[in-house]
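K.L.:
Chain by chain, the residues:
4 protein chains.
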Amino acid sequence: MEDHARLEEAVAEIAADMAQRTDRGAVASYIPELARVDPNQFGICVVTNDGKVVAGGDADVPFSIQSVSKVFTLTLALGLVGDTLWKRVGREPSGNAFNSIVQLEHENGVPRNPFINAGAIAVTDAVLGHHQPRETLGEILRFIRHLADDEAITIDQTVARSETENGFRNAALANFMRAHGVIDNAVDHVLGVYFHHCALTMTCRQLAMAARFLANGGRHPTAGHSVVSSERARRINAIMLTCGHYDGSGEFAFRVGLPGKSGVGGGIMAIVPGKASIAVWSPGLDKVGNSRLGSQAMERLAKTMGWSIFGP
Amino acid sequence: MEDHARLEEAVAEIAADMAQRTDRGAVASYIPELARVDPNQFGICVVTNDGKVVAGGDADVPFSIQSVSKVFTLTLALGLVGDTLWKRVGREPSGNAFNSIVQLEHENGVPRNPFINAGAIAVTDAVLGHHQPRETLGEILRFIRHLADDEAITIDQTVARSETENGFRNAALANFMRAHGVIDNAVDHVLGVYFHHCALTMTCRQLAMAARFLANGGRHPTAGHSVVSSERARRINAIMLTCGHYDGSGEFAFRVGLPGKSGVGGGIMAIVPGKASIAVWSPGLDKVGNSRLGSQAMERLAKTMGWSIFGP
Amino acid sequence: MEDHARLEEAVAEIAADMAQRTDRGAVASYIPELARVDPNQFGICVVTNDGKVVAGGDADVPFSIQSVSKVFTLTLALGLVGDTLWKRVGREPSGNAFNSIVQLEHENGVPRNPFINAGAIAVTDAVLGHHQPRETLGEILRFIRHLADDEAITIDQTVARSETENGFRNAALANFMRAHGVIDNAVDHVLGVYFHHCALTMTCRQLAMAARFLANGGRHPTAGHSVVSSERARRINAIMLTCGHYDGSGEFAFRVGLPGKSGVGGGIMAIVPGKASIAVWSPGLDKVGNSRLGSQAMERLAKTMGWSIFGP
Amino acid sequence: MEDHARLEEAVAEIAADMAQRTDRGAVASYIPELARVDPNQFGICVVTNDGKVVAGGDADVPFSIQSVSKVFTLTLALGLVGDTLWKRVGREPSGNAFNSIVQLEHENGVPRNPFINAGAIAVTDAVLGHHQPRETLGEILRFIRHLADDEAITIDQTVARSETENGFRNAALANFMRAHGVIDNAVDHVLGVYFHHCALTMTCRQLAMAARFLANGGRHPTAGHSVVSSERARRINAIMLTCGHYDGSGEFAFRVGLPGKSGVGGGIMAIVPGKASIAVWSPGLDKVGNSRLGSQAMERLAKTMGWSIFGP
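Chains as they are written, first to last, in full-length UniProt numbering: chain A, 1 to 312; chain B, 1 to 312; chain C, 1 to 312; chain D, 1 to 312.
Rather than coming from a laboratory, the hints here were simulated on the basis of the structure. Just to be clear, a hint being listed does not mean it is correct.
Because identical chains cannot be distinguished in the list, a pair is counted as satisfied if it fits within a single copy or across any two copies.
No farther apart than 27 Å at their CA atoms in a straight line, the calculated lysine-lysine pairs in the DSSO-like style are these [unchecked claim]:
hint	residue 1	residue 2
1	Lys275	Lys287
2	Lys275	Lys303
3	Lys52	Lys87
4	Lys275	Lys87
5	Lys303	Lys52
6	Lys87	Lys303
7	Lys52	Lys287
8	Lys287	Lys87
9	Lys287	Lys303
Everything numeric in this text was worked out from a predicted model, so none of it was measured.
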């Protein structure tokens with residue numbers, strides 16, 4: 001109870017403070033749909049394992065979750081192909097920019113982890129399996145709606161199309177992996193699914209809800225069943241901690257101390273294992289591509305609540 | 001109480017099992033002193049925050065802690081120069097071998113983190129400050145003896161000399177950083193201190209004792225005072241989690257789920273924040289240079305005790 | 001006259017000797033059409049600036065000229081866009097494998113020279129300009145037939161199709177350059193033209209004829225007009241010397257001492273400035289992808305005739 | 001005769017023109033001795049194979065030849081250890097800055113060619129052999145005085161000392177190669193000799209004289225004997241062409257078309273095989289570290305005289 005009160009106070013204070021900030025970073029500009037987003041927005045939502053939902057600011061404004069979607073496709077892929085997934089994608093931090101192709105060449109087309117672009121494309125290929133892109137997208141969408149208990153979640157087709165038209169670098173990565181036999185499906189099929197799941201549009205509330213299973217030892221708290229085993233949930237959290245923020249993953253672990261995943265749309269999802277799931281959103285990015293105010297909000301929340309996984 | 005019993009049982013079982021294993025990996029061979037170590041050894045020691053010490057196997061056999069010492073010099077350096085340390089060393093995982101010089105060239109001589117060799121050499125330069133190597137080594141030794149409550153800990157001069165004679169690659173790293181102004185002292189002074197603190201000889205018991213402050217929010221549990229602030233303790237733990245095992249850091253996070261630091265002598269130190277500190281040792285290494293049986297023992301212990309920081 | 005006699009003798013001896021060699025290297029195997037070529041073939045043809053044609057061995061057997069075609073498209077592109085070509089492709093040796101993508105990332109998508117794959121693709125984009133692929137291929141074919149005074153030269157459509165089906169790595173390079181704005185046309189158009197001009201099928205005789213202008217200060221010796229200025233001919237020769245043999249360019253300069261260009265089909269074209277043009281062919285390749293016997297034949301011919309550009 | 005007249009006219013015009021230029025580039029600044037050199041100087045000297053010496057501008061002002069000395073130590077090393085030298089140094093262009101350590105790591109400590117710093121240090125180690133640094137330096141000095149027929153050539157001890165004090169990056173390279181067993185002698189011995197031969201002080205006249213053997217098929221034109229075989233002379237010329245100007249080697253081949261070697265002191269030595277040797281000097285450097293006016297003077301001289309090795 002006391003904790004809920006402290007949480008409500010913390011979220012309210014953070015939301016109020018962030019609404020006034022002027023140093024917001026620049027929004028992503030590589031596609032017009034993201035470039036147009038108003039930077040003066042900030043949302044936050046926390047869902048505790050005992051079911052309390054605490055929201056603040058623009059928690060109900062939908063935004064493009066972009067790379068945050070990689071956590072859900074990783075979860076799906078592990079369910080579909082199990083640990084054989086790790087034959088085609090590693091789980092080590094990359095020490096490079098999210099879209100670097102250098103590492104791929106040095107390591108024979110095997111991406112370092114599932115959260116750099118190349119790795120997420122390889123994961124998407126595994127999710128695709130022998131199915132058609134349309135079916136696969138349907139499955140991804142159903143999965144996320146189920147996780148969030150919310151049928152209103154959709155994919156923004158305009159964003160997906162825009163990504164496709166500007167996705168030459170991802171096409172380079174995909175072709176490179178295809179050349180090394182790391183992906184099996186036709187490059188344009190894999191990229192089609194990839195660009196579409198990155199174009200998922202969600203609110204902070206929906207995102208925090210969808211992340212609950214990772215805070216709950218893999219269980220869907222309302223449906224009751226296991227989405228993944230508790231061991232797999234821990235492992236997904238571990239990968240988020242070491243690789244979830246591109247070349248700022250060490251920094252996020254250092255400052256916030258929670259497993260998390262960011263996207264260039266300005267969203268960040270984080271997990272307090274055994275306690276809560278969190279989503280924050282603010283479109284302005286720092287120099288490595290993570291939400292500037294979002295990262296700061298996470299740091300402050302984790303500190304106030306004593307939630308760091310690295311100690312009291 | 002029940003927990004203590006479970007811990008004692010787990011440690012005993014692990015020690016018994018590891019004593020019988022034959023797939024031990026190869027001991028480090030780049031200096032004769034390490035190459036001569038008998039691979040058929042395994043030690044483990046856990047110290048809980050409530051003061052219980054549980055040891056198994058060769059927990060009282062001294063070994064060369066090598067890179068594990070980097071955690072202690074990092075702690076010292078942060079105490080001496082504070083967060084200005086981060087101007088000359090980063091805190092991102094490297095995505096490269098522990099002794100790579102490529103990253104240094106791409107990033108103007110600034111090492112990615114304090115646990116790759118270059119970073120630990122830069123940290124050693126900060127600890128050295130304006131003092132003489134001999135004084136500095138005395139300070140490091142006093143610090144570790146204090147942390148472990150054990151005056152018997154020493155530096156193996158033969159190992160230190162052997163490292164110096166074979167340390168051309170580290171000399172390359174140090175000269176490269178000196179060329180970029182990242183280290184200030186004479187290269188041979190810095191390397192002298194570095195090779196000597198890596199030559200610290202400790203038992204699992206001593207190492208687990210020395211690590212207690214990181215499990216205790218920065219406090220020395222018997223002396224009572226703060227070694228570092230709780231925030232700094234969390235941050236050191238965070239860096240261990242993301243960077244503590246060279247290019248196997250992601251794997252250790254994935255499998256074990258605890259902040260830890262390994263050394264080529266076969267030792268691994270790990271922290272269960274708020275609960276316990278652990279040291280294991282077995283000289284045979286896996287292909288990225290971490291103790292093979294040591295890593296497995298850590299994985300098993302964390303699983304049995306439910307100690308992963310990534311969830312229940 | 002005496003020179004002609006010496007040349008005839010040299011060519012005959014080399015052809016006879018190479019016919020008996022058993023250490024021929026392995027033929028390229030990445031597409032079935034190249035993998036099927038009989039390795040026991042060797043052809044050579046020299047055309048002197050005074051019009052003498054000296055052929056030996058399988059000089060009239062057609063083969064896939066592959067990367068040798070890059071010299072002709074470079075010549076065409078310089079004619080079409082002039083020195084502005086150098087804004088999108090460099091002229092420095094690469095120090096990397098022919099199909100490396102690492103350099104592209106480090107240098108913002110600008111390939112180091114026109115003879116690595118990425119550079120040749122960028123050159124092809126310049127040749128394409130605002131035309132359709134079919135027209136452009138027609139123009140390339142007419143150009144080469146004109147240079148060789150031979151209307152029988154064709155493109156092998158089966159090879160071109162096979163390259164297209166296996167060209168994921170080149171597609172990665174092209175998409176990467178497109179992402180950096182280094183190529184303007186649709187990736188599949190550029191690659192279509194690229195794969196087709198690499199599939200040109202020529203004999204040693206035809207190739208040596210087509211290369212005459214580079215030995216003649218840029219002039220077409222029978223048509224009489226200038227194909228390129230003498231300065232441009234020198235410069236194309238210079239690029240062949242420094243970059244013409246992938247990561248074996250230094251070796252070819254060191255051993256042979258002539259500007260040349262090799263292809264994975266086993267052909268090598270070389271220029272003796274002011275004196276002669278040469279083509280050799282033998283399908284077996286050395287470890288960096290250049291014709292093994294072809295390189296040796298070039299070395300011997302240059303030595304016997306005193307043709308090295310680096311001194312008597 | 002006519003040629004001599006044309007040469008005298010060309011040299012005079014170039015010297016006059018360069019004296020008036022204001023866009024001279026910046027002098028090297030990493031050691032005070034080089035930083036202090038007056039940029040408003042330009043010297044040129046050509047020695048033809050028939051013995052004509054044509055000088056212009058500041059042809060008799062001594063300057064620090066720096067990396068140009070690498071040609072002489074390469075020649076010496078080949079005389080001492082023959083082609084076994086190529087086991088520890090390659091002969092391919094590097095595609096990297098002159099002092100890059102990245103390539104060394106990727107290729108196990110073997111430098112790409114004898115003209116990048118690492119390669120020249122490995123060559124110096126070979127020249128050192130089992131001798132003392134002082135003896136070896138004496139031998140190098142005697143060799144160059146003999147080549148130039150000039151006993152007045154000396155080493156600038158102040159420059160050598162200054163290089164030593166600032167040579168951390170070269171110390172990094174040397175230690176790295178020592179770690180890989182590519183150099184045998186003590187690192188400080190090798191660097192001592194290296195820094196001293198780079199500190200040779202010569203005039204354009206002396207340098208052009210010293211280079212004569214490379215234009216004369218390896219023969220010392222006045223002493224009459226062979227310094228190296230004609231084949232070795234050609235090969236040294238070939239390496240100068242492909243690797244003589246750091247990451248501007250392709251550009252020099254493209255623009256000038258002569259084998260040459262530059263130094264950060266602003267000197268360039270070039271060879272017209274079978275015809276002449278050339279030295280130019282102007283202290284201001286372009287962005288890759290080659291003499292700005294020196295390169296332009298070479299281009300103009302080669303064009304005027306029709307001396308490019310790549311054609312008429």
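K.L.:
Are the hints correct? Go through all of them and say.
P.N.:
We went through each hint and held it up to the structure:
1. For a Cα distance limit of 27 Å, the shortest separation of Lys275 from Lys287 qualifies neither inside one copy, at 31 Å, nor across copies, at 36 Å.
2. In the homo-oligomer, the alpha carbons of Lys275 and Lys303 lie at most 27 Å apart both inside one protomer (15 Å) and across protomers (19 Å), since each shortest distance falls under that limit.
3. Proximity of Lys52 and Lys87 under a CA criterion of 27 Å is satisfied in neither setting, with 39 Å inside one chain copy and 41 Å between copies.
4. Taking the shortest alpha-carbon separations for Lys275 and Lys87, neither the intra-copy value of 32 Å nor the inter-copy value of 35 Å comes in at or below 27 Å.
5. Taking identical chains as interchangeable, the C-alpha atoms of Lys303 and Lys52 lie at most 27 Å apart only when both belong to the same chain, with a minimum of 19 Å there against 29 Å between chains.
6. With identical chains, the CA atoms of Lys87 and Lys303 are at most 27 Å apart between copies only, with a shortest distance of 24 Å across copies and 38 Å within one.
7. For the homomeric pair Lys52 and Lys287, neither the shortest alpha-carbon distance inside one copy (34 Å) nor that between copies (46 Å) is at most 27 Å.
8. Proximity of Lys287 to Lys87 under the C-alpha cut-off of 27 Å is restricted to the inter-copy arrangement: shortest distance 17 Å between copies versus 32 Å within a copy.
9. Taking CA atoms no more than 27 Å apart as the test, Lys287 paired with Lys303 passes inside one copy only; the shortest distance there is 23 Å, against 38 Å between copies.
In summary, the structure is inconsistent with hints 1, 3, 4 and 7 from the numbered list given earlier, while agreeing with the others.
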